[in-house]
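Visitor: Both chains come to you apart, so use the hints to assemble them.
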Amino acid sequence: MAGRSKKKGTSGAAKNYITRTRAVKKLQISLPDFRRLCIFKGIYPREPRNKKKVSKGSTAATTFYYTKDIQYLLHEPLLAKFREHKAVAKKIGRALGRGESGDAARLEKNLMPKVKLDHIIKERYPTFVDALRDLDDALSMLFLFANLPSSEHIPAKTIALCQRLTREFEHYVITSHALRKSFLSIKGIYYQATIQGQDILWLVPYRFVQRTGGDIDFRIMGTFVEFYTTLLGFVNYRLYTSVGLVYPPKFNAKSDEQGGELAAFKLEGKGVNGTEAANGDDEDAEINPEAQAIADRIAAEGDVEEEVADAIVAAAEGDDEEEATEGIDKFEPTAQDGDVLPQPQASRAEAGSLFAPFTFYLSRETPRASLEFILRAFGCKRVGWDSILGDGAFTTDESDPSITHQIIDRPSLANGAAAPVSNDSENGAPKAQWPRSMMPGRTYVQPQWVWDSINQGKLLRPDLYGPGAELPPHLSPWVKPKKGEYDPNLPLAAQQPEGEAEAFEDEADEETFEAKDDDEDMDAIVDRAGSVEVGEGMDVDGDSDDDSDASSDSDAPAANDDDDDDDESDAESDISESEAARLQHQAELEAEATGKTLKKVAPTKKEQNAAIRKKADKARKAEEEERERQKMMLSNKKRKLLKRIEYGANKRDTESEGLRRKRAKLEKAKAAAEAI
Amino acid sequence: MSVNPRKRKAVAKEAPPPPESESENELGDGLLEGILSHSDDDSEGSEEEDEEDEEEGDDTDASSIIEGLSDEDEDEDEDEHDEHDIREQMRNLKTSDAPPKRKPGQQTHDMDLDAADSSELDAADDGDDEHLKPNYTVHTDANGNTRYMYQEIDPVYESDDSDAEQTNTIGNIDLKYYDEYPHIGYDINGKKIMRPAKGEALDALLDSIDIPKGWTGLTDPTTGKPLNLTEEELSVLKKVTRNEVIEEGYDPYPDMIAYFSGVDQEIMPLSAAPEPKRRFIPSKHEAKRVMKIVKAIREGRIAPYKPPEDDEEQDQFTFDVWADEKPRDANSMHIAAPKLPPPGYEASYHPPPEYLPDQAEQDAWLEQDEEDREREFLPKNYEALRKVPGYETFVKERFERSLDLYLAPRVRRNRLNIDPESLLPKLPDPEDLKPFPTTCAAIFRGQEGRVRSVSVDPLGIFVASGGDDGYVRIWEILTGRQVWNARLSSEEAVDAVSWRPVKEASILAAAAGEHVYLIIPFALLSPDVEQHSRDILDAGWGYASSKSQTTPAPEDAPKTPPGVWSRPERKLENKGVLIQIEVRSAIKTLSWHRRGDYFTTVSPRGQSSSVAIHTISKHLTQLPFRRLKGIAQTAQFHPSKAIFFVATRNTIRSYDLAKQELVKILQPGAKWISSIDVHPGGDNLLVGTYDKRLLWHDLDLSTKPYKTLRFHSAAIRAVAYHKGGYPLFADASDDGSLQIFHGKVVGDLMENATIVPLKVLRGHKVKQRLGVMGVEWHPREPWCVSAGADGTVRLWN
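Residue numbers (UniProt numbering), protein chains in the order written: chain X, 1 to 676; chain D, 1 to 797.
The shape of chain D in the complex, shown without the other chains (with noise of 0.2 angstroms):
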């Protein structure tokens, strides 16, 4: 039988006191709990009452009838439960039909039905007049005096306060004392509590109900009368509802019954022979037979049998395959898998907060794809060990790492376990290396076009510029006064200016076009230097003559001279220029000997006599070279011996003069090289490149450069050490940035030249893809002179 659990429970659990649960304002309820336990004589009216608190509870109005027609208790005897179902039928229709809010400790249903109607009565009756007549009547009481009688007061509906919390306001006091009176205390107007309806009165009360037998409330539709059942029918019903069978009486589970193996049962037997013997004794025949089998058996010809059992699993491990073991050849080409790196803090379940991702990195994480994540896995963080859930991709993981096991190449890298700081050079720091020129000192302004070069005189007191305008110009150095100037070529651009380097004398030398001039501004110079300057220029022009009138050869005579001497014309010469030398084509560098009795200029468009050396004793032009291999860029004397170095656009020859042979022949890997200087000590040269390259050969050590610098973005014009003492060069560059550097030559040969980039200079600027165009050193002072495509001069100190 399938009885309403809940209510099994609810009976259950009467005994025990009420739950603490319930909270101490409901304390109607309590109370009226304890009474109804107190007043207990049946158990089924509280039983009803627990189930009725149960359902207000649950609202459950809808399934409450239908438990009460499935409410049914098995002692009950069948009569009085029929009776008890339709009551409580009726009953959970009343229920369901009151309001929810209802609360017990409120008054009974019938005497809230008789105030309704006796409340509506008042309100049909008086319904107009009412507020006509005043609410009192006067009465004379027992003295004789007034008395104002006053109605009822009729609460319409908006003053009805019945909802709200009634309380019993008697305290402390044990409610037994109020047994004996039909309330059960006073509420907060003093008004009396009634006592709630209980079970018993409300059975009285449905007793009272006169329900005739079978009754269902419900109306037949065939006659229009109410349908009434009978006990048959309703059993029926009830049977059907419980999925049985309706036929009375049928035991779905009978005892078996062996009618036919059973001997009791037959109560006429088949035969009436006697059982026979075989029945009782064992089979001879089957005796015989299983003793074959054991017989069979214990000699072994039958075995048992045996499972197939895969013991070679279990056989598989039986010896050491490492008994005799020899390590493996070291140089094999076996390289062993990479292990996986241990995990990091980030891997930890509960890892510090600083490697938890913010927001921002969960979502860059999340958008990735999901080969170009860094890490496979988010940071999380679990704040206790039972809380960390399985790992997803595990076994993707363990599966991936297998197939880098067999499908990924392995190469073996070399770990770059390389301290950076070990790298980087040990340099000087620059406050030792001082001094070096930091900053544009003065700028000399004048020139027109760009300034292709410019020259220190020995003494370190002007500083000559030429330019594209065809002047050259002499400044006074400290002040950046011009203070000589003569237009040697109106249309040719003076492209070298050089001082001869002996300081008794003063000769400058400048090249326009084809012509080299050489110039003694003798405005700026004392007396006795101008006249010693003089005295060396002049000493050529008897030689000359007297050669040309020696070897008058006559095959020579259409062959042009490779350089001709003579005087300028006569404003030039008021001016200081003495001398002009033509050779065949376009000047494009100078350079003295260090004697300054030689000097060389190198026109590369002049093939076989694009180097020429000058001698200014004998007025003498000579070409060094039949026939030069590549074109010739520019030209230098070694600084202590007779060696000539010349260099063509990709290298550089060194020629002993005295020997008149080809020394060494130096390759500096460039493609374009623009200009060359000799350190002062003679083993060390400095090498300028038109592809952005300033490369230091070490004469000693190779032909390759010892050092290529590449720090400029632009080509290198030119190149110069500091011929005065101080460990310096320079270079100036296209993109119009001078840089200076240290770069010093120890005597010893063990030891390299050390050099240390110092400074960037700038502040030329760059016109028509043209910078500096040249630098020269100050003889004694760390300063340097730059030429400026921008039209400048300027001095760093």
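Same shape as in the complex, but just chain X (with noise of 0.2 angstroms):
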């Protein structure tokens, strides 16, 4: 008996994936509701593989999800909550239709329901590292968002929020020591931090008030930071009892107001007595700013909050206490022939003792919360700023003299500076003012010091960043150069294959050609006008500027011929070489015979180059020939996979050329100039 015939699109690419129409109307929730849940619930839409067979023959543009996965939704508990908020909204609607606005507030105070995202967290990151994994969009976002003002879309309780728990990520970053890398880009500025091996990437904006325009929707935005608020927040607590913290950390919201931003909290050891730790400031404020100052310091520079910074790092590395002391060796390769291993770099202590023996005093003009995040990251514990710059710091006195380091940002003065300073000197204390009077003994640098320092993990040269310096270009520590792309850090010769420096120099050469040759034009003609009466001189001069002409005239079709890959041009060049050679040897011959000694002809720069440059073109050109016939042996697949590989390959080789022809000719101009 034959079965019955199966009817099709009833089993396999057909039943497992479902439209978002469909999905939506099997969940019975609105669109905007599905959109929300997606994201809370991280599911996103699949690309069969088989789009025809999925959507039963239609071509059309749709988007997937796996059923499976509109399935696991149905059981989730927001769905109630969403039906939950949509009869309530309802109800709202009627009592604001009937006007009774008091019913409509109290409706939506009592009824309203709070949706509550934790059970997701855990679902979505079932262990503590796959929460790390995926903190790096959370944190740029958040971190973007505590920089935003409030709007109708944004309300200030959510930046409120944002604020607080990027800050407290930051203090744990700053007590853990895990922040590894900093980078300025123009965009703002990426940090990464190493937290139980995982590596967090967040981008933090510049403060400057963020465009908004355009087709930005806040409501998607609104939900993924409703999400990720959440994601933080738990993370925090994690990471805080993790380190023997008592989380929340206390917010002082005075210090807050007064732009305190990381200065507002203060962390609390769980052993710890909480009023011990705290620093008394906030009782009351109306204290005078200068005892401030100084009660300010005194507790910055008590013992309570190295103590608990001990007792974490003590508690962190508790385990590897034994492992601390031997310390790591470092594994040399005897021979060359071995494979590197990656070896463990930069301890956590050794991050955080990079600016431990320093008093830092940030200028206004720098950006103060950026700075303050990273020098206490890397062990500094006296940050002190101008008063302007907000509440918190070590010091707000410039003439402080503690302070090891000042971070400037401003030019120095074009005039000597050393007039003004004796009026200042009547209040007694000189007052140093950056710009017109440097402290002796203080090291006075720009912040991308501060930056490339912990990058290379190591203090740089001061000098090199001083005042009005011209920086050091700032590069991103996370580009691991790859054999034979360009690298910035080497220098030019160093990477540059065989000839290519040569043929730089020839088409810079080109370049200036054409104006070299008027100069010589013009040279000619006054000598012409000068040499009528010797007669001769004429004909020579215009000779050789024939000569020149022609020279470069030949020259250049035959890098043409050159750049084609015909058998020909690589016979002819042999053969012309033979012919010079056999030239070479008849002059010799000649001069022999008529008793003169033959001058060595030294070969001009010009000829070296074209020298080197065509023996490398010949060798390329062997190498691509001999490649040619192993692609020749390749099968079809692997052939057309080599194809890509080698488009990649051929891209990267190109736009690494392109950076280092661009660098020889930079560093043509510089020494030219420099010449001058």
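Hints are computed from structural coordinates only; laboratory data are not their basis.
Any given hint could be a false lead.
To be verified - BS3-like cross-link-like pairs, simulated, lysine-lysine; straight-line CA separation at most 25 angstroms: (1) X:K482 <-> D:K339; (2) D:K306 <-> X:K41; (3) D:K339 <-> X:K122; (4) X:K638 <-> D:K339; (5) X:K638 <-> D:K426; (6) D:K306 <-> X:K109; (7) X:K640 <-> D:K707; (8) D:K326 <-> X:K670; (9) D:K692 <-> X:K631; (10) D:K671 <-> X:K638; (11) X:K643 <-> D:K380; (12) X:K483 <-> X:K270; (13) X:K116 <-> D:K326; (14) X:K631 <-> D:K380; (15) X:K640 <-> D:K239; (16) X:K651 <-> D:K339.
Guide: Printed below as a string of structure tokens:
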């Protein structure tokens, strides 16, 4: 008996996928609710392997979800909340329609369901490490929102929450010295922290008003922020408790109002008494600011915080104690051919002690928040700044003698700055104000010094970053130069393939050739005018000019021929070489016969270049031929694969070649400028 | 009162020495200022001077009048003040009339005026006869000598250098020595520089001018008389200009008088009753009520109002979500969102200069559509961190990222992390593979039309070729000389030529149309070789006749035999063409058995008789296949075993001749096979196809090709292995090229054959889309011979 014939679209791919419309219908919610649900639950569309099979023959562009994913959404408790929300919204609408605004307010206050996302956090990130791995986007988004002004789409409460959570996270990074790298890009400041072995990279915008116009849907962003705040809150809780701190840390609203930012939070160890840890500056803020500053300094220097920090570090590294004492040995390869294993580097303690012995002072034009965060994350305990930058400075007195480094971002005054100091000296203590005078024994650096130092893990020479100095380029710490790619750290000569430097030089010459030629012509004309009496001189001049022109002309097509991969040109060049040798030999013979000594014609720079280039070209061509031959032996599949790989490689190659060319040009221009 | 701030400033600034900013060459000014400060009796004068200075500096003559009007000091009393006002007005008028260039160091106004007047008068007086008179008068002096008294030279306007800078030449001498004199020094011509007008002098002058009371300088339009204003009118005007209430003594901010609440204010109180007691003691009733509330609060019946707190946020993160974490099972379908790549060098705020785009790149980037851009920003350089602006599309980029996170389908893609070098096979160096043919050594010309087939004789001395002109030609291989030819057919082309592969005898087989000719070119041979060859061919005559005698089956009679062996016509026989075999249809290929006793012909058109095997010793032609599947293209003997390969259009079948059975069917996957060749080892087969492919079959491996080579752009016509010990093979194609490969077969079964492309030999011209028609190797040397459609045979070495 033949089995019943199967109907199309009842199994397989057709059943595995479901379109968005069908999914929304199945869940019986509105599209915005569906979107919210998808964002919360992390459900994303899928690309079926065979679209036609899935959509039963239709090829229209549709979004597909996994049927299983949607089925799993059916059990979501949030769905019930959404429905409740809908019901209440209806009631409120009715009340408003009747003009009973009090009723509406009461309904909204009492009946509106509160959405809690903690179960989703647990569901999406079964382990803490999973959550850390997904923290990049969350942090970037929350840092952005912490810097946004409140508007009708973004309530102030959300922004305050974002600020609180991000600062708490920063505090954790500071106390655990987890920050590894940071980078000043044109988009903002990138930070990378390593927490429990996970590299977390986030981007913080510069503090300017963000442009929020255009087609930006803040409802979507708001949904993400809602989820991310929950995630970061729980992550913070876990991180704080893992190092023995109380979560949430004490928040000092007054300090925050005065722009304290990080200083508005007071961390407390679990064992340490809370009141002891508190600085007490929140009790009465009406005391005079000088006394306040002194008190602050004493409090900051006091051992309390350090104790906390030490306790934290001890707690964090409790089990690594033995390892720490023994240290990690550096494995140096003894032979060339061994594989190089990645070795752990820059331990936490090392990172935490980079700026430890110093006292920093931030001038008022520097970005205080980022500098404070980085300096403190790298062990600096005493960061002072101008009082207009906000509360919480170690000192606001620029002339404090304990300051070892001052970060400035203003150029030094053009004329001598000595004169006005005498005016100020009547106050008794000389007031050292940066652009007018420098404190002896203090290092003045630009902010980039801090970034470059932490990225390289050592203190760099401050004179390169001095006030008004032309800064060295700021490089991304995440680019690992691959073989054959351009690396700005290395000298140009070290990374150029053979013959390229000469080619570049020739190119540059050709570019300048026209101008030079004109000059020569002018000279020639002048010469001619002067050498009419001499008679012969004119001809000689003209000849030499013509020669140079002719040689340049003949060079150009020759170069073109070389570029074409022709066997003939190759042969030709061989022939010409042999011809040249023959001529040379002939000349030598003639010289011998006449008894004269043959003048060795020293090859000009250009000829040398051409020779080297030709050689390099030849070698390259041979290599290419060999490669072609090898390619002939590949199977079709492999050849296509190779083509794809080579496409990427070629693109990279041309890119890095362009960079090298630009650099060669720049270096040449620089050398020329120096020569003048 | 709105006092002009500029003026106040000027007064305040009087005390310090003159600012340094004034340059040295304006010495006159400096001196003047010094004098002024020295003789500073009343502040007013100098004040005015200052103001004048300022006005001259600023050139604001329009506003100066208004300033003058509103200029007032509170400490001055009214009368003086008004007078002063008017004076100042006048002066302002004057100064604004005067040319702005005039420096205070020059002569005073009145002097200037005088000078101008006198010169004007002079000009009027002696205007025309001026130049006739001598400009001097003769006098006698005290001693009686004549003395020329020159007249003052009247400087006409052009010669007037009064606007030239006047500098005091007294040098570094204190000016106080000139205090008694009307001048303050001497100019470059030795003339005295008069002391400039000071405040006092001006005031004196102004005092001397009688101004009527209330003078305005305006004309009353109604009366036509000068409009004079009274003091009251002036003050009204003044108040109007200041937006004040005109009424005299009006106080806009009087103290508030509480007429009805204050006790003292009421002169006649409404009631004479004394203040009741209740005004002084607190209300009992209120106390009661308050106590009630207090009691309620104490008892907690009334709770103080607490603003509704949203404490759920505070309470939200009070537990560890990951208290009992269990890792997710690994095989879930979830794909984590890809992380954004970290920023590169070009994203730096201060990148190395080579990362900055030049103008062309910048333009190209700007011109591109936003979606096509490879990078969403242009690298830019800022020399200091403070100059870095905010990133414009920050929020937008974040938004797009969140869209990607929930809208973009995620697909797991295998990253191609393959070293391209590992893909490329390790090929032996072509130098190690030498020798192989690389160049065209000789071209044998003479054939008309296409050359269809070539063959090299087993000794490697001669090359035979056959082509469209019906000739079989024999060439000497080293010299390229044509040594022998014979026209086998006038209308049919010679499709195949092949030497018998045995060295002792020299027999050439050629096929033209339906005939096969066996040729002994005895003109070229030594007598014993010729004799040996003749013996081989002649041995079958007897057999054939006897056979035909023994089996004259009557039913076979009408059926024509598969091949008819006969002697060709006399002319050909004289040339050396000794046997002619006629088969049923046109023969396309011909190949010998290794021992030379058999050869096979294939005529694709003849269905059942397409493949024929001819036995020389018996002069016998057999048709091995009664019915062949597909159209036979070519056939070959196995070099060592009794196996016979027949290629149809798209399969190759191998038959065991001894057992009379099919051994294997190879499926090269080609659409139309053109030629095959068997490796001398016998385990490998080369297949050339019309669909441009060259296939290497390893017979031990599989029925599918071991390698498929597609390097030709046109159909492959012929393939050939080198039979003399070199691991070489070649193919000939319609694109006019031959390709030489290294194909090494190792006896070890575990190792596959290595195939290395060596050389593409170009030289044959493509005619009517036909290039090279045949290729054959030299039996000993690494040379090959090819037959071209252009009518040439070429030797390559």
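Visitor: Now look at each hint and say whether the structure bears it out.
Guide: Here is what the structure says about each hint:
1. Of the pairs offered as hints, the one joining K482 (chain X) and K339 (chain D) holds, with about 21 angstroms between alpha carbons and a cut-off of 25 angstroms not exceeded.
2. The hinted pair formed by K306 (chain D) and K41 (chain X) fails the criterion: a straight-line CA distance of about 37 angstroms is larger than 25 angstroms.
3. At most 25 angstroms may separate the alpha-carbon atoms for a hinted pair to count; K339 (chain D) and K122 (chain X) meet this at roughly 21 angstroms.
4. A threshold of 25 angstroms between alpha carbons decides the hint, and for K638 (chain X) with K339 (chain D) the separation of about 30 angstroms lies outside it, so the pair is violated.
5. A distance of roughly 14 angstroms separates the Cα atoms of K638 (chain X) and K426 (chain D); the hinted pair therefore holds under the 25 angstroms criterion.
6. The suggested pairing of K306 (chain D) with K109 (chain X) holds, with an alpha-carbon distance near 15 angstroms, which does not exceed 25 angstroms.
7. This hinted pair checks out: K640 (chain X) and K707 (chain D) have alpha carbons roughly 17 angstroms apart, not beyond 25 angstroms.
8. As the CA atoms of K326 (chain D) and K670 (chain X) are separated by approximately 61 angstroms, the hinted pair breaks the 25 angstroms bound.
9. For a cut-off of 25 angstroms, the pair hint linking K692 (chain D) to K631 (chain X) stands: about 18 angstroms separates their Cα positions.
10. Proposed proximity of K671 (chain D) and K638 (chain X) is supported: the alpha carbons are some 23 angstroms apart, at most 25 angstroms.
11. Restraint check for K643 (chain X) and K380 (chain D): not satisfied, since their Cα atoms lie roughly 34 angstroms apart, outside the 25 angstroms limit.
12. Straight-line distance between C-alpha atoms of K483 (chain X) and K270 (chain X) comes to about 50 angstroms, which puts the hinted pair past the 25 angstroms bound.
13. Straight-line distance between C-alpha atoms of K116 (chain X) and K326 (chain D) comes to about 22 angstroms, which keeps the hinted pair within the 25 angstroms bound.
14. The hinted pair formed by K631 (chain X) and K380 (chain D) fails the criterion: a straight-line CA distance of about 42 angstroms is larger than 25 angstroms.
15. Between K640 (chain X) and K239 (chain D), the direct Cα distance comes to roughly 95 angstroms. Violation of the 25 angstroms bound is thereby established for this hinted pair.
16. Restraint check: the Cα-Cα separation between K651 (chain X) and K339 (chain D) comes to about 23 angstroms, which is no more than 25 angstroms; the hinted pair holds.
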